[in-house]
Amino acid sequence: MIEKLMNIDRRIVFILVGLAVIIPSLLSVSFPITVSQPTRSTYDYIESLPTGSTLMIGFNYGPSSLAELHPMAEAVIHHCFQQKVRVIGMTLLPDGATLGDDMLRKVADETGAIYGEDYVYLGFRPGATQVLLGMGTAIDSVFEADYAKTPLAEIPMMADITNYEQIDLVLDLASGSSTEWWIVYTNTRYNQQIAAGVTGVIVSQMYPYLQTKQLIGLMPGLLGAAEYEKLIGRPAKGTEGMSIQSFAHLLVVGLVILGNIAFFIQRRQAE
Amino acid sequence: MRRQVPLILCFAFGIVMALTEFSPHRFSQWLNKEVIDWTLVIGPFALVLAIATLIQTHWTRIRRRSEYWQYSFLVFIGMIVMVVIGIPLGQRHPVFVWLFRYVQVPMDATMFSLLAFFIASAAYRAFRARTLEATLLLAAALIVMIGNAPVGDLIWNTIIPFGDNLPSAARQWILDNPNLSARRGIILGISLGVISQSIRIILGIERSYLGGVEGD
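So the sequence lines, in the order shown, correspond to chains A and B.
If you read the first sequence in the numbering used here, its first letter stands for residue 1, the second for the next number, and so on.
If you read the second sequence in the numbering used here, its first letter stands for residue 272, the second for the next number, and so on.
One chain only, chain A, in its complex shape:
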């Protein structure tokens, strides 16, 4: 029996994971969400920005991390448009270009934000570090035109935005190392305020920067999206995903405990 438990067919584990994902999405169960301090700090910072401030969002993720980071982007952009904070979108990854454009247009359609007045999307440029450094002197030296090829000089919102000095906060939505690039090249050199929303697997790497205030806030994975949705009072994909994440985490914890019980029984029998 213990031997069987120890060598359980992995297809059974796969089926259990599948069920842990499918069942809660069908039942639409919801759980109360506790907001963590790093997410609250991001929210508070944006909340404290005066009307007409500017937030730059880096859509530095591809489709593989879309499930975690898109809900975050949606919640923050909604918050910005509610607060009349202007948004500049850009990406350092080619895969992020269409994702950023889609997300900004979606939220703009929902909120009535106007392109060129409330938000601008710059798209992608290769050479991440050079792009970050270049925008420190002049954004139009890197992005001479926006994603739709309109010269920045013809976009009303960009008339009073030259470089990081006119940007109140950078929010990096990242599935890789881009947050560290922003910290090294823009916070250290240009004293730019930065917040980040990152995938669950890299959250732990960001904590040293949070303590040193090189990051003013941090949203951890899908949970961060759900927390932000709670703060703005607009439950969406992040909150929906929490029931699935809860069941999946419970399953993995249960499997690990079960595996260890079997392991200890087997070891005792062997002794």
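Wrong hints could be hidden among the right ones.
[To be verified] Cut-off 35 Å, straight-line C-alpha distance, at most; resulting in silico cross-link-like pairs (DSBU-like, lysine-lysine):
{"hint": "1", "chain 1": "B", "residue 1": "K304", "chain 2": "A", "residue 2": "K213"}
{"hint": "2", "chain 1": "B", "residue 1": "K304", "chain 2": "A", "residue 2": "K84"}
{"hint": "3", "chain 1": "B", "residue 1": "K304", "chain 2": "A", "residue 2": "K149"}
Keep in mind the hints are simulated off the structure, nothing from the lab.
Dock chain B against the given chain A, drawing on the hints supplied.
What follows is chain B alone, placed relative to chain A:
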């Protein structure tokens, strides 16, 4: 000469750019900006290099009939289709967007989603409290995992009459303290390594980036 010119350029630019970081002088800042502008022009060449390498690798696989060589055709088809549509019509063209949304996004997301299945299976098989260190790691992982899902707080608050939201508070403590300390040590180690390696490259001691055998 083939090696001396790159070494001289590397030394000159390395030293000058490092110095400009410490000097607020107008000329220094102008020079810094100018060189960054140059790198913005040079940067896209890396893409050309990457595409050339990709083509070379997959063409060789097809020519040699290596294992699964047929899939290399798919790489070429995908690349050609996206380039043929993307360059003349633009990235906002409905066909390009459709291909991205309904081909690339589902494929990419599916590949990543498979991880959940393998992680669950691997955790069941490999995550064992064999030693004290492994037990500590296991306990920390379980607390973070439970604290990372709202159901952890719900179960705790329902069953235990004290310590409201303890799982999420414990998770936050682990991230804020042991995790932060360990990460800081790693960052310091990496940074010192990067600095020493940079000095070696600037001074021409480390030459492997030129290709060939070190010290040629």
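A quick look at each hint next to the structure:
1. B:K304 - A:K213: holds (27 Å)
2. B:K304 - A:K84: Given that 35 Å is the threshold and the Cα spacing comes to 33 Å, the pair holds.
3. B:K304 - A:K149: holds (24 Å)
Hint compliance for this structure: every hint is met.
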